[in-house]
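Heads up: the protein sequence lines correspond to chains A and B, in order. For what it's worth, my numbering labels the leading residue of the first sequence as 1, then goes sequentially. For what it's worth, my numbering labels the leading residue of the second sequence as 1, then goes sequentially.
None of these hints come from the bench; they were simulated from the model. Being a predicted model, the structure only gives us computed values, none of them experimental. Be careful, since some hints might not be right.
Computed list of lysine to any residue pairs in SDA-like fashion (alpha-carbon distance at most 25 Å, straight line) [as the list claims (entries may be wrong)]: (1) K162(B) with Q98(A); (2) K100(A) with I84(A); (3) K112(B) with S6(A); (4) K100(A) with G155(B); (5) K100(A) with K112(B); (6) K26(B) with S5(A); (7) K100(A) with L159(B); (8) K162(B) with A71(A); (9) K26(B) with V35(A).
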Amino acid sequence: MPTLSSYLIISAILFSLGLFGVITRRNGVAVLMSVELILNAANINFVAFARFGGMDFSGHVFSLFVIILAAAEAAVALAIILNIFNNLGTVNIDEANQLKQ
Amino acid sequence: MNGEFFIFGLVALLTIVSSATVVIAKNLIYSAIALLFALLGVAGLYIFLWADFIAVTQVLIYVGGILVLIIFGIMLTHRITDVELSHSSIQRGAGGAVVTIIFLGLFSMISKTTWYSASAVEPDETIRQIGRLLMVDYLVAFEVASILLLAALMGAALLSRKID
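Please put together the full structure from these sequences, using the hints given.
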């Protein structure tokens, strides 16, 4: 049986990789993908603590809410990125530094 | 029990390698495909944690919904003939240093703590329990989530509409 620590370490690795992507990526869509990695790391923690805390299903419900939030966030963020692309002709977030052209 | 450890290691390795590919790959399409495998690996971890419903939801919503949305986003913001479909990263050294420090802090915290672990039996079904919690204990949050999804739907439609 894998222990709780192994899940937590996998989750920490996922979180660190996602944070690395958010810090270093220039493309807006790539930043969005990294944010999804961070949300997944949080979800693994929720479900792992639910499993090793005596199978408490509240953790499962919370991870469902995180998935719902991720869906809403992805839809709105992609709409914003498409708008940035239409207005400025780029999706590089370090070049998108004005509110209107 | 050895086989279980072996498969767990494979799933964990798949998740970690794919996640690394997501943030390192030069080509954005490669990142998206690697994200697919990372999400599938996380779904496999959920199955190891006896959370079958969450695993199915993960595959349905993340792989079926969010990933398709992200690939749409890539396709709509790049011309397919563009040489510039690849994209660059900035400040890899500094970012890597900061992230390594954060990870080492997390790692030492996780390995130093003696985690309380309650004994549990594998449940026959998880859906009934989750449904009861959603409809009784977390009803308000459930309804707020539906309002949030409606608002996000309308917001996304409004934002991506051409405004004359």
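Against the structure, the hints come out as follows:
With a C-alpha separation of about 19 Å, the suggested pairing of K162(B) with Q98(A) holds against the 25 Å cut-off. Simply put, K100(A) and I84(A) have alpha-carbon atoms about 9 Å apart, close enough for the 25 Å limit, and the pair holds. At roughly 13 Å between alpha-carbon atoms, K112(B) and S6(A) fall within 25 Å of each other, so this suggested pair holds. Among the hinted pairs, K100(A) with G155(B) is consistent with the structure: their alpha-carbon atoms are about 19 Å apart, no more than 25 Å.
The straight-line distance between the Cα atoms of K100(A) and K112(B) is roughly 50 Å, outside the 25 Å bound, and the hint therefore fails. For the hint pairing K26(B) with S5(A), the CA-to-CA distance comes to about 32 Å; that exceeds 25 Å, so the pair is violated. The hinted pair formed by K100(A) and L159(B) meets the criterion: a straight-line CA distance of about 14 Å does not exceed 25 Å. Proximity of K162(B) to A71(A) is assessed by CA-CA distance (about 23 Å); at most 25 Å being required, the pair is judged to hold.
Between K26(B) and V35(A) the alpha-carbon distance is near 18 Å, which keeps this suggested pair within the 25 Å criterion.
Hint compliance for this structure: hints 5, 6 are not met, and every other hint is.
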